[in-house]
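Take a look at the letters that make up each chain.
2 protein chains.
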Amino acid sequence: MDRVKIIDCTIRDGGLMNNWEFSLEAVRSVYRSNREAGVDIMEMGYRVSPQVFRREDHGPWRFCDEELLRQVVTGPPGDMKIAVMADIGRCFKEDFLPKGESVIDVVRLACYLHQIDEAAALSDHLNRLGYATVFNIMAVSAGTAEEVGSALAVVARSGAEGVYLADTFGSFVPADIRQRLAFYRERCPGKNLGFHGHNNIQMALANSLAAREEGAAYLDASLFGMGRGAGNTPLELLLPLIRPGNIAPMMSTIQGHIEPLMAAYKWGYRIPYGVSGLLNQHPREAMAAVSAGSGISYGEFYERSEQLNLSPVP
Amino acid sequence: MDRVKIIDCTIRDGGLMNNWEFSLEAVRSVYRSNREAGVDIMEMGYRVSPQVFRREDHGPWRFCDEELLRQVVTGPPGDMKIAVMADIGRCFKEDFLPKGESVIDVVRLACYLHQIDEAAALSDHLNRLGYATVFNIMAVSAGTAEEVGSALAVVARSGAEGVYLADTFGSFVPADIRQRLAFYRERCPGKNLGFHGHNNIQMALANSLAAREEGAAYLDASLFGMGRGAGNTPLELLLPLIRPGNIAPMMSTIQGHIEPLMAAYKWGYRIPYGVSGLLNQHPREAMAAVSAGSGISYGEFYERSEQLNLSPVP
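Respectively, the protein sequence lines represent chains B and L.
Counting in the working numbering, the first sequence runs from 130 upward without gaps.
Counting in the working numbering, the second sequence runs from 130 upward without gaps.
Simulated from the structure, these hints should not be mistaken for lab results.
Please read all numbers here as calculations on a predicted model, not as lab measurements.
Check before you lean on any hint, since a few could be wrong.
Short, incomplete list of chain L residues facing chain B, as computed with Cβ under 7 Å [claimed, not checked]:
no., residue
1, 182
2, 371
3, 375
4, 377
5, 384
Glycine included, each C-beta is placed from N, C-alpha and C at the ideal position.
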């Protein structure tokens with residue numbers, strides 16, 4: 130197997146918790162400790178259009194302006210690549226410079242199944258500009274095999290480097306990873322496959338290791354698992370389980386810049402997230418239940434969620 | 130495969146957090162919701178000698194007096210069995226009544242490698258009294274293959290029903306589970322095998338599912354993962370991933386009786402626990418680091434721990 134690429138998405142996916150209001154110092158600390166540890170790609174945030182979101186409503190890492198990125202990506206060039214996530218429907222061709230004028234190497238295209246053609250059009254444009262692209266198709270566990278297969282056919286015809294299996298609902302166990310990655314490989318021959326986990330049922334890391342065993346070329350993670358709801362695969366655990374690296378600086382970055390955010394934003398396993406993962410449901414109602422605190426009965430939440438249960442699909 | 134037995138050890142292992150000071154109401158709620166969910170065995174606490182520990186220093190579930198257990202185990206007999214854990218070196222033959230006079234079905238024998246003969250002597254005595262016994266050998270990842278093999282030979286000659294692979298340091302990934310359970314099976318032919326996980330590197334649940342795939346007959350878990358350090362396998366996730374059950378009452382028990390304890394005792398994943406799991410070390414120093422809060426540098430903790438790193442053994 131080729132060296133798997135570890136992608137840090139702390140600022141991008143963790144930004145969902147703090148509205149992308151990371152200090153420049155925090156992002157620089159993440160950048161430096163990622164390079165020390167041997168992270169392959171650092172995702173700096175979202176690229177969205179200032180026509181869609183007002184700058185005064187969100188932190189700077191939701192826009193990832195080129196000048197901002199250049200305040201982090203400094204010093205001698207290393208092996209670590211720079212990525213941003215394009216939020217399909219919220220950013221457009223005119224939001225990207227030609228690759229030669231940008232520090233960005235990879236654009237990841239986040240889309241739902243129904244947005245796949247729009248994502249493919251942007252992917253083609255970005256490839257022509259000189260960027261590598263990767264598709265992240267969300268919420269596939271709520272789609273039928275036919276819907277997922279059709280979207281993967283679009284990916285297969287594109288010039289993208291690869292496509293992610295994203296466990297948006299946090300409902301997968303390793304057996305699902307094996308089955309679904311086989312399906313992705315069959316539909317997208319020759320493309321690199323990736324995995325993006327969520328920790329609703331505490332399987333994000335185990336699923337990532339299972340994805341690696343199945344030949345995944347990209348694995349996503351974030352520092353201290355920072356991310357919405359139950360959070361993501363913890364980078365500080367995934368990386369040393371995959372290969373040796375100098376992770377002591379990463380531990381310091383977490384202590385200095387990420388752990389303090391946990392106190393305010395409290396991502397991580399809670400019973401309602403477990404319920405939504407077990408029942409393969411979007412975490413939105415679980416997030417509302419956690420916010421409501423003792424105002425909602427977990428027993429009733431489980432029973433109500435069970436009524437809505439979706440059947441698993443490949 | 131036979132039906133795997135799910136063992137709830139919330140009161141016993143979770144008791145390490147609150148000094149076994151659970152209210153009778155809390156333990157009754159756990160008992161009732163376990164029965165509703167189809168839990169196979171409920172471990173009510175430790176059995177230790179009042180000659181070794183003073184009753185005024187610990188909650189009642191560290192002693193599990195027969196009269197106390199009878200205040201919980203009431204109503205028509207169901208399928209759920211009752212267990213206690215014998216803490217080898219801290220309880221003795223005279224601490225057990227004949228099975229006919231007790232509500233206990235199973236005694237689990239917790240011992241370190243050097244205590245295996247003492248555990249075997251107590252196991253024989255308990256079998257003669259009419260109890261089923263199971264060995265839980267702790268900290269095996271710090272022993273050599275020869276040491277672990279010798280202990281398993283003692284188990285093989287005993288009348289115990291089975292033996293646990295306990296991930297005391299929280300350092301295992303599924304590949305370790307497969308390798309180690311094969312070793313246990315080879316050394317203890319005909320015995321049931323069990324797995325007791327810890328969540329230092331967030332693998333407790335995944336390892337439990339891997340153990341089941343390898344034919345483990347017993348899987349331990351606790352409500353909301355309550356347990357020392359990073360905690361245990363969460364029962365409310367393990368059970369529904371193994372088989373259907375009525376788990377809504379279990380969710381209510383967690384909300385009413387276990388989640389409130391989290392605020393006071395704060396078990397669960399923290400960076401120092403991850404470090405001790407990654408480096409296969411006893412969590413005692415990690416627990417001290419977590420208690421010290423910002424007084425200790427995670428980067429330095431990692432580097433110091435790395436110096437002490439133990440090599441993995443089968």
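Verification of the supplied hints:
{"no.": "1", "hint": "182", "result": "violated (33 Å)"}
{"no.": "2", "hint": "371", "result": "violated (11 Å)"}
{"no.": "3", "hint": "375", "result": "violated (10 Å)"}
{"no.": "4", "hint": "377", "result": "holds (4 Å)"}
{"no.": "5", "hint": "384", "result": "holds (4 Å)"}
Taken one by one, the earlier hints fail for this structure at numbers 1, 2, 3, listed in ascending order.
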